[in-house]
Amino acid sequence: MLELEARIRLGEFELNLALEVAGGKCLALAGPSGAGKTTALRVIAGLLRPTDGKVRCGGETWLDTAGDIDLPPEHRSCGYLFQDCALFPHMSARQNVAYALPDLSRQARHSRASDLLERFGAAALADARPSALSGGERQRVALARALAREPRALLLDEPLSALDSSTRSASTRELESLLREAGVPTVLVTHDFAEAARLADRIAVIDRGRVVQTGSATELAAEPSSAFVADFSGASVLSGSASPGAGGLTEVELDRCGVTVISTDPPVAGRVAVSVHPWDVTLLPEPASLEGSARNHLPARVVSVTSIGSRVRVGLDAGQPLSAEVTSVAASELGLVPGRPVIATWKASVTRISDL
Amino acid sequence: MTRLPWFRGLLVTALTVTLIFLTLPVVAIFANAPPRELIASLGEEGALEALRLSLQASVTALAIILAFGTPAAWFLATRSFRGRSLVITLVELPLVLPPAVAGIALLATLGPGGLLGGLLEDAGLRLVFETAGVVVALTFVASPFYIRQAQAAFEAVDPTLLQASRTLGSGEARTFLRIAVPSARAGLLTGSALAWGRALGEFGATLVFAGSFQGITQTAPLAIVQRFGTDFTSAIALSAVLVVVSVVILLSAKYLSGSAGKASDARA
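Those protein sequence lines, which keep their order, are chains A and B.
Just add 511 to the spot in the first sequence (first one is 1) and you have my numbering.
Just add 25 to the spot in the second sequence (first one is 1) and you have my numbering.
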């Protein structure tokens, strides 16, 4: 269990956070740039001392400003993956990893570093300098280094932002299995809701130094507490199996929905994630006449109705969770209440496909 | 693009004049000293001794400067405290002090009747008219050249690397030795070369504080001045050797800091 309470002035606003992450769980701090996400990680790691605050991990107090406890970073067992990896440029990949193991003998350090690199699929890179590595390779080395000391908490700062789209999905899968394996509380910082949804068990949306809402990705998308969260918790993500369709389109048979949807994205085959923004989803009363230009129709049941200003976010269960956004007027005309069956419909051209 | 031929002409003229003014005297030394005479006058008593003393004293001074200056520069680069800019100004003071004044100041501090003279005497240490006094004078005059460069080099180290080192379980001392110093290598080398060059050429403070005794305190620059009145060829010969040594220092510093700079530019 990792606990953080922190209060610190950040430019024109105050960061005021209280977070808790259980062992083996991943909490995402998601929000726009400058919201204070990285500051929270720095406080946990001991790189920044808040005006008031507490950091506890696994029953050990790392910081308590009231009790005047403030362990230096080297005495907090934190694996920190920095945004740009922060590999030491004058050392090889193996030396970078070995650097985290100062207590071992030279030989033990060397072989343990090699083992770690191998575990992260970077054994072939052991003698390379960071400048010779690609973004994805650097990240693997940095992860091996961060985990070398078997830390009791893991802090990841925008782990996927530096990667190009071709290595991104592979890295996401690697990170996912790594987080399951590591079994320590993890805090992930990201400005990308989809990344948070993919990697984290819970998401805390931060804006101007405060948590505005905490919940699972589905909860945030279906029942956002504010317009900010509604806009931020962009797309619903549905899993399915893709196959190339007619006319250069891609057809995806959605899991547990009994429906095939169509996307204008280039044809692919295999397991994929289909994403669609709530504001692109139109709701029709059931039974509906399925005429019109929209190609995708998904029978669903209303689960929640949340008003955000003049808009209404509608949480749907179509075998998989899905969100739609309609105006308040439309919501009352359609009689949207939990339990009401509807047809969710959207165009093939707003349907995005990515690797699962 | 605007074309300003007259301005371009002005720039070329300015650079040409500067270049001639700065290099012609150095060239003249070699023009005035035929190689055979040069070598012959080096064999003369005292010349080689002065050179050896110069190298020995300047290398010792450089070692002292590195040992104290590096941690001091790290402190200045990484801490903010009250009076920091005053401390930095005080460290830089020897840069603007006339060398003769520096010698007088050292006498007033470490000389027989000086501020700490009694303490030194009790400890059985004598600096005035001794080789150790030369080292003290060189260290005093050359330190700021190194400390300034080192401080700037440490300030330019990517702070994320230092933070990463800390989160990987290394305290500040190990972070300093294993991460900060290698990352600042280019600047530290440049600073060392500047300080060494300054120490090698030091004249005024040494003369006032340590005197000019052949074999004990007479460094190469002092030997040159002593010969200049009586034996111009031998003065020129010693000068030529100093020019060669200085050029070698300058070039190796440029080469070393260039390759170190490349290594740290290619940063992850």
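Everything labelled a hint here was simulated from the structure, so no lab data went into it.
Virtual Cβ for every residue (Gly too), placed ideally from N, Cα, C.
Misleading hints may appear alongside valid ones.
Unchecked claim - Short derived list, chain B residues pointing at chain A, Cβ under 8 Å: (1) ARG104; (2) VAL182; (3) THR185; (4) GLN188; (5) GLY196; (6) SER208.
Stated by the list, open to error - Non-contacting residues of chain B with respect to chain A, defined by C-beta distances greater than 12 Å in every case (computed): (7) PHE32; (8) LEU35; (9) ALA39; (10) ALA125; (11) ILE129; (12) GLY139; (13) GLU155; (14) LEU186; (15) LEU193; (16) THR200; (17) ILE204; (18) VAL206; (19) ALA265.
Mind verifying the non-interface call on PHE32 of chain B? Its CB should be farther than 12 Å from each CB in chain A. Nearest chain A Cβ is 41 Å from PHE32 of chain B, so the label holds.
Over 12 Å from every CB of chain A: does GLY139 of chain B meet that, or does the non-interface label fail? Label holds. Min Cβ-Cβ 43 Å, cutoff 12 Å.
Should the interface hint for THR185 of chain B be scored as holding, given a Cβ-Cβ cut-off of 8 Å against chain A? Cβ of THR185 of chain B sits 5 Å from chain A, so the hint holds.
Separation of GLU155 of chain B from chain A, once the least beta-carbon distance is taken, above 12 Å: 41 Å, holds
Minimum Cβ distance from ARG104 of chain B to chain A below 8 Å? Violated - the Cβ of ARG104 of chain B stays beyond 8 Å from chain A, reaching only about 15 Å at its closest.
Would VAL206 of chain B pass as off the interface with chain A, using Cβ distances and a cut of 12 Å? VAL206 of chain B not clear of chain A: closest Cβ-Cβ about 10 Å, inside 12 Å.
Is the Cβ of ALA39 of chain B farther than 12 Å from every Cβ of chain A? 39 Å, holds
Does GLY196 of chain B hold up as a contact with chain A if the rule is Cβ-Cβ below 8 Å? 5 Å, holds
Is the shortest C-beta separation between SER208 of chain B and chain A less than 8 Å? With a minimum Cβ separation of about 7 Å from chain A (threshold 8 Å), the hint on SER208 of chain B holds.
Would the hint on VAL182 of chain B stand, with a C-beta cut-off of 8 Å toward chain A? Interface hint status for VAL182 of chain B: violated (11 Å vs cutoff 8 Å).
Should the label of LEU35 of chain B as a non-interface residue stand, given a Cβ cut-off of 12 Å to chain A? The assertion about LEU35 of chain B holds, with a minimum of 42 Å to chain A.
Beyond 12 Å from chain A, beta-carbon-wise, is LEU193 of chain B? 4 Å, violated
Violated hints, listed in ascending order, are 1, 2, 14, 15, 16, 17 and 18; each of the other numbered hints is respected by the structure.
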